[in-house]
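Could you put together the complete structure from these sequences and hints?
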Amino acid sequence: MNFNNFFKFLDELRYDSTIFILGIDNYLESLSSIITDKNKVFIFEVDEDVYNDYIDKINTDNIKLSLFSEENINNILSENIKTRNFLNIFANHLEEYESKYPVQTKLFYGSIDYYYYKAQVFVSTFKTFKELYFKNFISNVNHIYTSTCFDNLLDYYKNIPALIISAGPSLDENMKTLIKYKNRLKNFLIICGNRTLKPLVEADIIPDFVVSVDPQELTFNMIKDYNYLNIPLIFFEHSNSKLVDNYKGPKIFSTMGSFCNIKGLKNMLLCFSGGSVAHPMTHIACCLGCTDVIFLGQDFAYKDNKPHSDCSTFDSKENTRTEKIGSLKIKDVFGKDIYTDNLLYIYKLAMELFIEKVKGDFNFINSSKGAHIIGSIYKPLEKVLQNHNYNLEKPNFNDVEDTIKPTIELEKYILGLRGMLEQYIGKFTIHKKILIEITKGKHSIAEGTTYFYKMTDDLNNFLNSNDTIVFRGYIEEFLFEVKERYFKVLVKDYPVLSKNLMYQSSIFKNYIDDLITLLIEIHSEI
1 MNFNNFFKFL
11 DELRYDSTIF
21 ILGIDNYLES
31 LSSIITDKNK
41 VFIFEVDEDV
51 YNDYIDKINT
61 DNIKLSLFSE
71 ENINNILSEN
81 IKTRNFLNIF
91 ANHLEEYESK
101 YPVQTKLFYG
111 SIDYYYYKAQ
121 VFVSTFKTFK
131 ELYFKNFISN
141 VNHIYTSTCF
151 DNLLDYYKNI
161 PALIISAGPS
171 LDENMKTLIK
181 YKNRLKNFLI
191 ICGNRTLKPL
201 VEADIIPDFV
211 VSVDPQELTF
221 NMIKDYNYLN
231 IPLIFFEHSN
241 SKLVDNYKGP
251 KIFSTMGSFC
261 NIKGLKNMLL
271 CFSGGSVAHP
281 MTHIACCLGC
291 TDVIFLGQDF
301 AYKDNKPHSD
311 CSTFDSKENT
321 RTEKIGSLKI
331 KDVFGKDIYT
341 DNLLYIYKLA
351 MELFIEKVKG
361 DFNFINSSKG
371 AHIIGSIYKP
381 LEKVLQNHNY
391 NLEKPNFNDV
401 EDTIKPTIEL
411 EKYILGLRGM
421 LEQYIGKFTI
431 HKKILIEITK
441 GKHSIAEGTT
451 YFYKMTDDLN
461 NFLNSNDTIV
471 FRGYIEEFLF
481 EVKERYFKVL
491 VKDYPVLSKN
501 LMYQSSIFKN
511 YIDDLITLLI
521 EIHSEI
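Note that our numbering has the sequence shown beginning at 1, numbered continuously upward.
Hints are supplied without guarantee of correctness; some may be wrong.
What the hints assert, rightly or not - Here are the simulated lysine-lysine pairs, DSS-like style, with alpha carbons at most 30 Å apart:
no.	residue 1	residue 2
1	K198	K186
2	K306	K180
3	K483	K336
4	K182	K306
5	K127	K158
6	K176	K379
7	K499	K40
8	K383	K182
Said to hold, decoys possible - Restraint-style ranges between C-beta atoms, simulated for each label pair:
no.	residue 1	residue 2	range
9	I377	G419	52 to 58 Å
10	K100	P495	34 to 40 Å
11	N80	K412	49 to 55 Å
12	D61	L229	44 to 50 Å
13	S139	E356	44 to 50 Å
14	S66	Y486	29 to 35 Å
15	D113	K412	44 to 50 Å
16	I374	D61	43 to 49 Å
17	N152	K492	53 to 59 Å
18	D61	D513	30 to 36 Å
19	E79	E521	43 to 49 Å
20	T456	N80	20 to 26 Å
21	G419	K331	53 to 59 Å
Since the hints were made in silico from the structure, they are not lab data. Source: prediction; values computed, not measured. Yeah, the Cβ is synthetic: ideal placement off N, Cα and C, and Gly gets one too.
As structure tokens, this is what we get:
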């Protein structure tokens, strides 16, 4: 192996970069001499004998060796490629592995690309919707007191099959089949999103639940004409507040994290979030006890060069073919090539990861004609409806016992958030003053170091507080940008700069200054 070539990719290594390597060899000593104690290194070895030869030779806390498997890859990458560091990762493989283990090499880089792009999408989403997320949360808290907690419904529809209605191009064909076998739908639990409510209602097929996740007002426009129906709405902390405010039917609240900060809701079930409404709809079906989960219009691809079914479009331009119809080629349910894009591919992989986690307890049937979803079995919808033996009667939603309720007043909760922000604005203002004094040499090294530890403790306490999840969009965007702005220190410079208290104080003064500005902005929004 050529060490010079192998380590060339580390020239731009930062002091806290994360490194992924496919293949172990006698480079450990050289690697250890390059990295800092803040770097993390994850090595994957395909050959079990080689793995066994090296596992006992690794004696540092920040270098980990794992036997190569898809499960190990996903577990490690999901925990170590996040919104805060995805621009700060390095990956490489032993030269001979590309020809020796082509499948594993492709999986290695494909998985890294997936988690990298996923983090990138989340950062973009936070930037776009942070204010709307927070506004919706503050408004939606008002409705949890007059709504049913989703946790009251766990296993309420046990063994009832669920139809998950998504808006992919296949839905047009699926709708024809649903209409043809309408009389057989009474024994199915029908779960739809904002976009698919319209075609169902217009076909006189009334869903059992409509799930709303997206924060934009477009979701309200999709549903507003059907407020007269008594369909239970499942909403979340970031669901569009105008939709939740104006919805006339029963309301059920679930959470993706923020509602758990409300007194009495700490132990609420966290609903799976994979990027599209299909993911929480699928998780909801499983939590309701629906053993068979059947996907309709769940294409994750540009079937017939369209992103959505014609029956679910709300803008005539949505299905107009453009050059951007997907550049990734994957397999459809028949094993043929079909095109998708990075975002839809991420959604597909997220669904597959969810299915992998719950497999054995549920059967996933894909009655769409788009991308093959690993973990599901393709079965035409006509056969599902024509030959089914689902005979259990659906329980009535109105008979649900609503025993889980929050126990805090909105006004007190909001005052608590304001008080917490004011407290930290005060603390960080003091820290900023002391950091300025340190840069001017007004404190001894011992005093400055003590102040530094106190400041970092307060920073960690704030960033790791459960309360900050309420404005997670602001915080995640801030941490991503501040890291890129102030903390791009190379490994070669780290030994000197890490011991330079003046330099460290100057950097953290800018960091704290930006954080105070952010907290004042958030405070003004409450």
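Now the hints, each set against the structure:
1. K198 - K186: holds (19 Å)
2. K306 - K180: holds (24 Å)
3. K483 - K336: Violated: K483 and K336 sit about 44 Å apart, past 30 Å.
4. K182 - K306: The hint holds at about 26 Å.
5. K127 - K158: violated (40 Å)
6. K176 - K379: holds (16 Å)
7. K499 - K40: Roughly 21 Å between the alpha carbons, so the hint for K499 and K40 holds.
8. K383 - K182: holds (14 Å)
9. I377 - G419: 52 to 58 Å: The hint (52 to 58 Å, Cβ to Cβ) holds, given that I377 and G419 are roughly 53 Å apart.
10. K100 - P495: 34 to 40 Å: holds (37 Å)
11. N80 - K412: 49 to 55 Å: violated (39 Å)
12. D61 - L229: 44 to 50 Å: violated (58 Å)
13. S139 - E356: 44 to 50 Å: For S139 and E356 the Cβ distance comes to about 36 Å; the hint is violated.
14. S66 - Y486: 29 to 35 Å: Hint holds: Cβ distance 33 Å, inside 29 to 35 Å.
15. D113 - K412: 44 to 50 Å: The hinted range 44 to 50 Å holds for D113 and K412, with Cβ atoms some 46 Å apart.
16. I374 - D61: 43 to 49 Å: Taking Cβ atoms as reference, I374 and D61 lie about 35 Å apart, which means the hint is violated.
17. N152 - K492: 53 to 59 Å: holds (58 Å)
18. D61 - D513: 30 to 36 Å: holds (33 Å)
19. E79 - E521: 43 to 49 Å: violated (31 Å)
20. T456 - N80: 20 to 26 Å: holds (22 Å)
21. G419 - K331: 53 to 59 Å: holds (55 Å)
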